[in-house]
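Engineer: From first to last, the protein sequence lines are chains Y and B. Using the numbering used here, read the first sequence as starting at -2 and increasing by one per residue. Using the numbering used here, read the second sequence as starting at 3 and increasing by one per residue.
Hints are not guaranteed to be accurate.
[Said to hold, decoys possible] With a cut-off of at most 27 Å between alpha-carbon atoms, the simulated DSS-like pairs for lysine-lysine come out as follows:
1. Lys46/Y - Lys83/B
2. Lys75/Y - Lys65/Y
3. Lys46/Y - Lys75/Y
4. Lys65/Y - Lys88/Y
5. Lys51/Y - Lys88/Y
6. Lys83/B - Lys88/Y
7. Lys80/B - Lys46/Y
8. Lys19/Y - Lys46/Y
9. Lys88/Y - Lys46/Y
[What the hints assert, rightly or not] Some chain Y residues well away from chain B (every beta-carbon gap over 10 Å; in silico):
10. Glu11
11. Ala41
12. Phe42
13. Glu55
14. Gln56
15. Asp69
The hints are simulated quantities; they were obtained by calculation from the structure and are not laboratory data. We put the CB at the ideal spot given by N, CA and C, even for glycine.
The residues making up each chain are set out below.
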Amino acid sequence: MSATFDTIAGIISETCDIPREKITPESHAINDLGIDSLDFLDVAFAIDKAFGIKMPLEQWTQEVNEGKVSSDRYFVMKDLCSNIDSLVAQKV
Amino acid sequence: MRLEYFRMIDRVVALDSAARTITAGCLVPEASPIFEGHFPGYPLLPGVLMIETMAQAGGWLIMAMQRFSNIPFLAQVKDAKLRSFITPGQPLTAHAELVHEGSGYAVANGRLFAEAALTAEAEIRYRLVSFPNEALRNEMLTVARAIALPEAFVHA
Chain Y
-2 MSATFDTIAG IISETCDIPR EKITPESHAI NDLGIDSLDF LDVAFAIDKA
48 FGIKMPLEQW TQEVNEGKVS SDRYFVMKDL CSNIDSLVAQ KV
Chain B
3 MRLEYFRMID RVVALDSAAR TITAGCLVPE ASPIFEGHFP GYPLLPGVLM
53 IETMAQAGGW LIMAMQRFSN IPFLAQVKDA KLRSFITPGQ PLTAHAELVH
103 EGSGYAVANG RLFAEAALTA EAEIRYRLVS FPNEALRNEM LTVARAIALP
153 EAFVHA
């Protein structure tokens, strides 16, 4: 598993009080892990700080709400990690 | 301060956009119906209003930094410490530093001073949303000018 996954899974486990072993690359942050919007604010802040990025949550949420993409695209752990990696790469 | 109207900030004293900080002055009123209940014969500014004062200082800072494109709503208060009592008639200084602007949220550190003494502090998190209507935005701009938010940050 990637370092990105380990970091994000650790953040979610600690922030949302979810057992670390329950978080897998296939987990959907909302549907499977039950992270609500307020907890996701904590997660987003921790991810932003850990990776030095600004996760575009508003854009992602808008795309999902408008039906342009499935929420899996942004909120399944392996896809979330991939998006974070892309944001970090763009930063360099 | 007009406690019954949740107007906690009287005047912006300084706003530093580079440092992302704001300092504001507030005078606790001598009398308010709130003091009749909190507490009878022993009036104290409620702790939740100490937190609200810090939150509003940070809120004005965020609106100024974003030129009133969004309105911040209080979402979370972390590590709040209410160190001492605040009584009617006390002048206060509220200070806030914007520590992170995320996508749809922001985080500020707030501090409240009575004279030189730190009386309260908290990390405050906000949800940022578009103004729900133009009337509210205009009202906030009016209040911003009334509390002397620098005009450069007030874009009608």
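Engineer: Compare the structure with each hint and give your call.
Structural biologist: Quick rundown of the hints versus the structure:
1. Lys46/Y - Lys83/B: holds, 24 Å
2. Lys75/Y - Lys65/Y: holds, 20 Å
3. Lys46/Y - Lys75/Y: holds, 20 Å
4. Lys65/Y - Lys88/Y: Between Lys65/Y and Lys88/Y the Cα gap is close to 26 Å, so the pair holds against 27 Å.
5. Lys51/Y - Lys88/Y: At roughly 10 Å apart (the allowed maximum being 27 Å), Lys88/Y and Lys51/Y satisfy the hint.
6. Lys83/B - Lys88/Y: Violated: Lys83/B and Lys88/Y sit about 36 Å apart, past 27 Å.
7. Lys80/B - Lys46/Y: holds, 17 Å
8. Lys19/Y - Lys46/Y: Roughly 24 Å between the alpha carbons, so the hint for Lys19/Y and Lys46/Y holds.
9. Lys88/Y - Lys46/Y: holds, 13 Å
10. Glu11: Given a closest Cβ separation of 14 Å, the condition holds.
11. Ala41: Incorrect as stated: the minimum Cβ-Cβ distance to chain B is 6 Å, not above 10 Å.
12. Phe42: violated, 6 Å
13. Glu55: Its Cβ does come within 10 Å of chain B, the nearest being 4 Å, so this is violated.
14. Gln56: The assertion about Gln56/Y is violated, with a minimum of 7 Å to chain B.
15. Asp69: The assertion about Asp69/Y holds, with a minimum of 19 Å to chain B.
Against the hints set out earlier in the document, violations occur for numbers 6, 11, 12, 13, 14.
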